[in-house]
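J.: Below, each chain spelled out in residue letters.
There are 2 protein chains.
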Amino acid sequence: MSFSMYSASIPVFKQILGSLHAILVKAEAHVEDKKLDPNALLQFRLFPDMLPFTRQIQIAADFAKGAGARLAGQDVPAYEDTEKTLAELKLRITRTLTFLDSLPQDAIDGSEERAITTGSGEKTKHFVGQTYLLHYALPHFFFHATTAYDILRHNGLDIGKKDFIGSY
Amino acid sequence: MSFSMYSASIPVFKQILGSLHAILVKAEAHVEDKKLDPNALLQFRLFPDMLPFTRQIQIAADFAKGAGARLAGQDVPAYEDTEKTLAELKLRITRTLTFLDSLPQDAIDGSEERAITTGSGEKTKHFVGQTYLLHYALPHFFFHATTAYDILRHNGLDIGKKDFIGSY
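First to last, the protein sequences are chains A and B.
Yeah, the first sequence ends on 168 if you go by UniProt numbering, and it's all consecutive.
Yeah, the second sequence ends on 168 if you go by UniProt numbering, and it's all consecutive.
Hints were generated in silico from the structure; no laboratory data involved.
As the structure is a computational prediction, the values presented were derived from the model and not from experiment.
Where hints are given, some of them may not hold.
Same chains, same names: a pair is fine if it fits in one copy or spans any two.
Result set (DMTMM-like, lysine to aspartate or glutamate): computed pairs, CA atoms no more than 25 Å apart in a straight line [to be verified]:
#1 K35 - D109
#2 K34 - E122
#3 K161 - D81
#4 K34 - D49
#5 K161 - E80
#6 K34 - D62
#7 K90 - D158
#8 K35 - D49
#9 K125 - E32
#10 K162 - D62
#11 K34 - E80
#12 K34 - E113
Based on the provided sequences and hints, a complete structural model is requested.
T.: In structure tokens form, the structure reads like this:
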């Protein structure tokens, strides 16, 4: 695959979302093995004013969805944040992966200079596609994906960096 | 700046390394204000078999240095892992930033298909430049940078995601 806005976005999001899905499978087994309260994991925060695990997964998935849609020139589909279980978080990820697979490569390639707007009101931000992807969407995506991993590691899940990097 | 191997690598590494440097400045003030033992932060791990804060910073910086050098077709300069203070970790980052600034853009642009080898012995990995950057170096870099941030947040440093995203 040649180097392009598509190759720098969708396959990277898919790699790490695939890792998060596999890590959630391991988290489910961990909860069962250790007879943990799954909500203790789902609601765990590394500090009281940080977001809990569930939100980290939802937001990571949403940065992938939002970036894919915006770079392709599509409206961003809204997914409600209703997940209450690890199984539902896995579905959030598979739903996001299916959406990313639906995006045509040729709509994203060439989006370097596409005008991208995020947020609303005082939080409105204006970008061109390249800046949005490289300096905003990817850093935010990795930030939430890694923090989700760190929460699970902090709670004793037996995973390593290989699980985070995953397959590519 | 047009979309290229250079734009997808060096400016991204510089953005987040700049953030980590600014966060280290805040960590120094936090240690002083709260009369903390700085080694308690420097050696803090989110789980006993995870790497401590100092190593997270060193490794994040090394992924930036290694990626920049390899994509430019240069030998990777070796920096010893001798930092014992927050001030020394700041120097590690500024040294890395200076190195990244020394890399000619035209040596990195066009490196999509450059053969890249990392590790040695059983850990040897072979990549082409594009795969190495997007699926290996950037994910590892963000993984360690975010984990460094998460360690400081977990220890009460008053920073937020804006500090991580930084300036771009």
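J.: Run every hint past the structure and note whether it holds.
T.: Consistency of the hints with the structure:
no. : hint       : in the structure
1   : K35 - D109 : neither (47 Å within a copy, 52 Å between copies)
2   : K34 - E122 : neither (46 Å within a copy, 34 Å between copies)
3   : K161 - D81 : between (27 Å within a copy, 20 Å between copies)
4   : K34 - D49  : between (27 Å within a copy, 19 Å between copies)
5   : K161 - E80 : between (30 Å within a copy, 23 Å between copies)
6   : K34 - D62  : neither (30 Å within a copy, 37 Å between copies)
7   : K90 - D158 : within (18 Å within a copy, 32 Å between copies)
8   : K35 - D49  : between (27 Å within a copy, 22 Å between copies)
9   : K125 - E32 : neither (43 Å within a copy, 36 Å between copies)
10  : K162 - D62 : both (23 Å within a copy, 18 Å between copies)
11  : K34 - E80  : neither (30 Å within a copy, 41 Å between copies)
12  : K34 - E113 : neither (50 Å within a copy, 46 Å between copies)
Hint violations for this structure: numbers 1, 2, 6, 9, 11, 12, all remaining hints satisfied.
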